[in-house]
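Its first residue numbered 0, the sequence shown is counted upward by one per residue in numbering that gives the first Met the number 0.
Be careful, since some hints might not be right.
Stated by the list, open to error - Only pairs whose alpha carbons sit at most 20 Å apart, straight line, appear in this in silico SDA-like list of lysine to any residue:
#: 1; residue 1: K214; residue 2: G267
#: 2; residue 1: K251; residue 2: D230
#: 3; residue 1: K214; residue 2: Q150
#: 4; residue 1: K251; residue 2: C274
#: 5; residue 1: K283; residue 2: R153
#: 6; residue 1: K214; residue 2: S299
#: 7; residue 1: K214; residue 2: K251
#: 8; residue 1: K251; residue 2: Y223
#: 9; residue 1: K214; residue 2: H264
#: 10; residue 1: K251; residue 2: G267
#: 11; residue 1: K214; residue 2: K283
#: 12; residue 1: K283; residue 2: D273
As the list claims (entries may be wrong) - Between beta-carbon pairs, the in silico distance windows are:
#: 13; residue 1: R110; residue 2: G132; range: 20 to 30 Å
#: 14; residue 1: P173; residue 2: G132; range: 25 to 35 Å
#: 15; residue 1: G294; residue 2: S27; range: 19 to 29 Å
#: 16; residue 1: P190; residue 2: S224; range: 18 to 28 Å
#: 17; residue 1: D126; residue 2: Q286; range: 46 to 56 Å
#: 18; residue 1: R117; residue 2: A12; range: 29 to 39 Å
#: 19; residue 1: T250; residue 2: Q286; range: 22 to 32 Å
#: 20; residue 1: A122; residue 2: P201; range: 42 to 52 Å
#: 21; residue 1: A253; residue 2: P213; range: 26 to 36 Å
#: 22; residue 1: P151; residue 2: P190; range: 15 to 25 Å
#: 23; residue 1: R72; residue 2: Q286; range: 30 to 40 Å
#: 24; residue 1: Q198; residue 2: T46; range: 19 to 29 Å
#: 25; residue 1: K251; residue 2: D191; range: 26 to 36 Å
If you're looking for bench data, these hints aren't it; they were derived computationally from the structure. In this text, a Cβ means the ideal position worked out from N, Cα and C, and glycines have one as well.
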Amino acid sequence: MLDLDSLHAAVAAQGAVARVVIAAHDGSSPREVGAAMLVWADGQSGTIGGGALEWEALGLARAMLTGGGQHLRRVPLGPALGQCCGGAVTVLTEVFDPHHLPRTEAGVFARAVEARERPLAVARIIDRARSQGILPAPHLLQGWFIEPVAQPQRQLWVWGAGHVGRALVNVLAPLPGVQITWVDVAADRFPDVLPMGVQAVPAADAAALVAHAPKAAEHLILTYSHALDLDLCHRLLIHGFARCGLIGSATKWARFRSRLTALGHAPGAIARIDCPIGDPSLGKHPQAIAVGVAGAFLRSHSISHRREGRP
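Can you build the whole structure from these sequences, using the hints too?
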């Protein structure tokens, strides 16, 4: 899927940005069709995988930044790059800048990659997206490459920009389909450079922002203050949420359960808050905690999709 917000943010920050996307593959491939990365003069975000494939693609993308344009190439991974995947990958590289950004229709980015007029089949896909809301999977079709524009599937609010909050946001921000709102009590608690696509919200009365969170949002509470943590739990139980996790020990959670009960919350409602979070076997280093929490975050989504019968 095309992450339009991340592309716009990268162009605003870097000027010319090359987007490299897996457009097709035959046999084994290091990444799926639609996997993409953004490349600029001295950096990148995302990955198309494959080691040598990505390294070569980075060089081509940077060489294209000055002149712009578009390049489609089929790469046999074994013969061309000495990789053991055994397949062939078609890579599309396009340069965007403030004057040249994707033009989408009905949530679909469709463009010619082999200089052909728009086929009727492509027009039908766009019409179906417009009239029925059915978005296509990324694929090559009669000389055109078609991608749906990514829409956030999960809204995550991270409360706290301390060591664990920073580690967690850095782990989760690159994931597709995740929109992160990051809250803390002051602007200077956030890093100078935010991960792409993350919205930082400083607020002296951070807990008051609970009222602005979508009821379908997920929350991770990792603030510097137990009092603020408790206030957030209390307000979220009143406001509603999809999921909520709280950092802390079993002792902390026992005290919170008692206090939340005294505030009028039923045991069943309180039990919807997960605490402790993470995987204790990984240790207490901020990055180790973040990896454990991120793993649980991903597993919860996978489990819910399987229950609903979705891919």
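Requested in this report: Decide if the proposed pair is consistent with the structure: K251 and D230, CA atoms, cutoff 20 Å inclusive.
Outcome: Holds, because 14 Å separates the two Cα atoms, which is no more than 20 Å.
Query - Proposed proximity, D273 with K283 (alpha carbon, max 20 Å) - result: Given that 20 Å is the threshold and the Cα spacing comes to 17 Å, the pair holds.
Query raised in the report: Does the structure keep K214 and S299 at a Cα separation of 20 Å or less?
Result: 17 Å, holds
Query - Whether the CB-CB distance between P173 and G132 falls inside 25 to 35 Å - result: 27 Å, holds
Query raised in the report: Going straight from one Cα to the other, do K214 and Q150 come out at no more than 20 Å?
Result: The hint holds at about 18 Å.
Query raised in the report: When you check the alpha-carbon spacing of K214 and K283, does it fall within 20 Å?
Result: 31 Å, violated
Query raised in the report: Does the alpha-carbon distance linking K214 and H264 stay inside the 20 Å limit?
Result: 18 Å, holds
Report task. Sort out whether G267 lies within 20 Å of K251, counting only the CA atoms. Result -> Satisfied, since the Cα-Cα distance of roughly 18 Å is no more than 20 Å.
Query raised in the report: Holds or violated: 42 to 52 Å for the Cβ distance of A122 and P201?
Result: 47 Å, holds
Query raised in the report: Taking the CB of R110 and the CB of G132, does the distance hold inside 20 to 30 Å?
Result: Holds, since R110 and G132 (Cβ atoms, about 21 Å apart) stay within the stated range.
Query raised in the report: In this structure, is the beta-carbon distance linking R72 and Q286 contained in 30 to 40 Å?
Result: At roughly 37 Å between Cβ atoms, Q286 and R72 fall inside 30 to 40 Å, so the hint holds.
Query - A253 versus P213 beta-carbon gap, inside 26 to 36 Å or not - result: 30 Å, holds
Against the hints set out earlier in the document, violations occur for numbers 5, 7, 11.
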